[in-house]
Structures are given as C-alpha cells and as structure tokens.
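2 protein chains.
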Amino acid sequence: MTKIDLCPKFESAFQLLGQRWNGLIIRVLLEHGAARFRHLSVNIPAMSDKMLVDRLKQLEDAGIVQRRVYPETPVRIEYELTEKGKSLEPALNEIQHWAEQWINE
Amino acid sequence: MTKIDLCPKFESAFQLLGQRWNGLIIRVLLEHGAARFRHLSVNIPAMSDKMLVDRLKQLEDAGIVQRRVYPETPVRIEYELTEKGKSLEPALNEIQHWAEQWINE
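So the protein sequences, as listed, match chains A and B. Sequential numbering from 1 applies to the first sequence in UniProt numbering. Sequential numbering from 1 applies to the second sequence in UniProt numbering.
Don't read these hints as lab results, they were simulated from the structure. Some hints here could point you the wrong way.
Said to hold, decoys possible - Restraint ranges, calculated between C-beta atoms of paired labels, are given here:
(1) B:Thr73 with A:Ser87: 25 to 31 Å
(2) B:Gly33 with A:Pro71: 58 to 64 Å
(3) B:Arg68 with A:Glu78: 32 to 38 Å
(4) B:Thr73 with A:Gln58: 50 to 56 Å
(5) A:Arg36 with B:Val42: 30 to 36 Å
(6) B:Asp49 with A:Val75: 27 to 33 Å
Computed from a prediction, not measured in an experiment: that's the story for all the values here. Glycine included, each C-beta is placed from N, C-alpha and C at the ideal position.
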C-alpha cells in the first residue's frame, strides 16, 4: 500500500481529532478509564452538555468510544475508550508535544 | 499549563493536518527535502495545481513550509519544510500507524 492510498485514512483520522473537544474527551477517558457523563462534563467545564452528547455520539460512531448501560436503579451509563480509542495515545502525545513546542497563539 | 489550556493548540494542529492534501504535501517534502512546484505536483497526481498553490500558501502562513526564490533565469522557486514542519514527522508517523491499523474504509 503506497502513501497515496493511505492518505484518506490519514486525513479522516486528523479530521476527527481536529474537531473541537474530541481530543480533550479522549484525553480525559485515557486518564480516567470508564467515566460517567457527569464526570466528563465536570472535567471539561467549557463544553456544554449538548455538545458533549454530540461528541460522544460521534466518537461512538467512529468506534473510539464505547457506551455501556448498566441496568441498575437509577440506570448507570458509562463511557470508555475502545481498543481503537486507547491506541490513539502515542499519536495524541506526539501531536501535543509538537503543538506545545511550536504553536504560540 | 494544564491540558485544557493546551487544547486549542492541539486542535489547531489537527485541523491544519486534517485538511485534505496537507499531510501528503508534508510527507513528500519530508522525503524529498526542497522541491519545486512541478515535483510536488507530479508526486501528488490527484491534486490540481490550483489546490497545490492554495495548500502551499496555507502551510507557508502556518510556518510549516518555506518558499525560496532563486533569482536565476528562469527564476527557480523551491518549497521546503521549516524546522516546525520537519518536527511534525514523529506525529505524522504515529497517526499514520494508527490509521493503517484501525481505519478500514
């Protein structure tokens, strides 16, 4: 497979992670493991709950986040990274390192 | 500096690299060093010349690509990565590795 063939995959990865909040949600889940909605919401205070709902759905559709429903009373819902999501950590670290070093604004 | 402060830098890095062609242009320049417009154009055949002009300008504005004009006859113009651009290599490698492994479509 040549690099030109890989290009759409590569770009779709960057597009997903370039969307506002997605990188940060993944970061929080990497650090905390499974988390309830409220935990995510409190840890990313600048993001609205509606936005968090949308982003979690998008990350779930992309196979990066898994939503688990525990049939308790009241029902408990937790979000955690899939293997696909967890394996983003080295890439996120490298991008963060680069951004810290080179992006000033 | 907390991760939440870093977030906009992180996202702006991903947004830039998530734009169609930018990652590939950087890849070609990483492999070939300084290159003339024609060289880039031939190596990324699916991209129009107009798009290549736009992307190079965007990458130049972002401080990732440097455009050098050599006052010869005819004038020679070459594009190469700045230090900021070259230092993207580990991050691009990690993202590419992840995308190869996890993105199927």
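Going down the list of hints, with the structure as the test:
At roughly 53 Å, the beta-carbon separation of Thr73 of chain B and Ser87 of chain A lies outside the given 25 to 31 Å, and the hint is violated. Here the CB-CB span from Gly33 of chain B to Pro71 of chain A is close to 60 Å, well matched to the stated 58 to 64 Å. At about 54 Å, the CB distance of Arg68 of chain B to Glu78 of chain A disagrees with the hint of 32 to 38 Å. Remark: the range hint 50 to 56 Å for Thr73 of chain B to Gln58 of chain A is upheld by a beta-carbon distance near 54 Å.
Evaluation of the 30 to 36 Å hint for Arg36 of chain A and Val42 of chain B yields a failure: the beta carbon distance comes to about 53 Å. A beta carbon spacing of about 57 Å between Asp49 of chain B and Val75 of chain A contradicts the range 27 to 33 Å that was offered as a hint.
When the structure is compared with the earlier hints, violations turn up for hints 1, 3, 5 and 6 and for no others.
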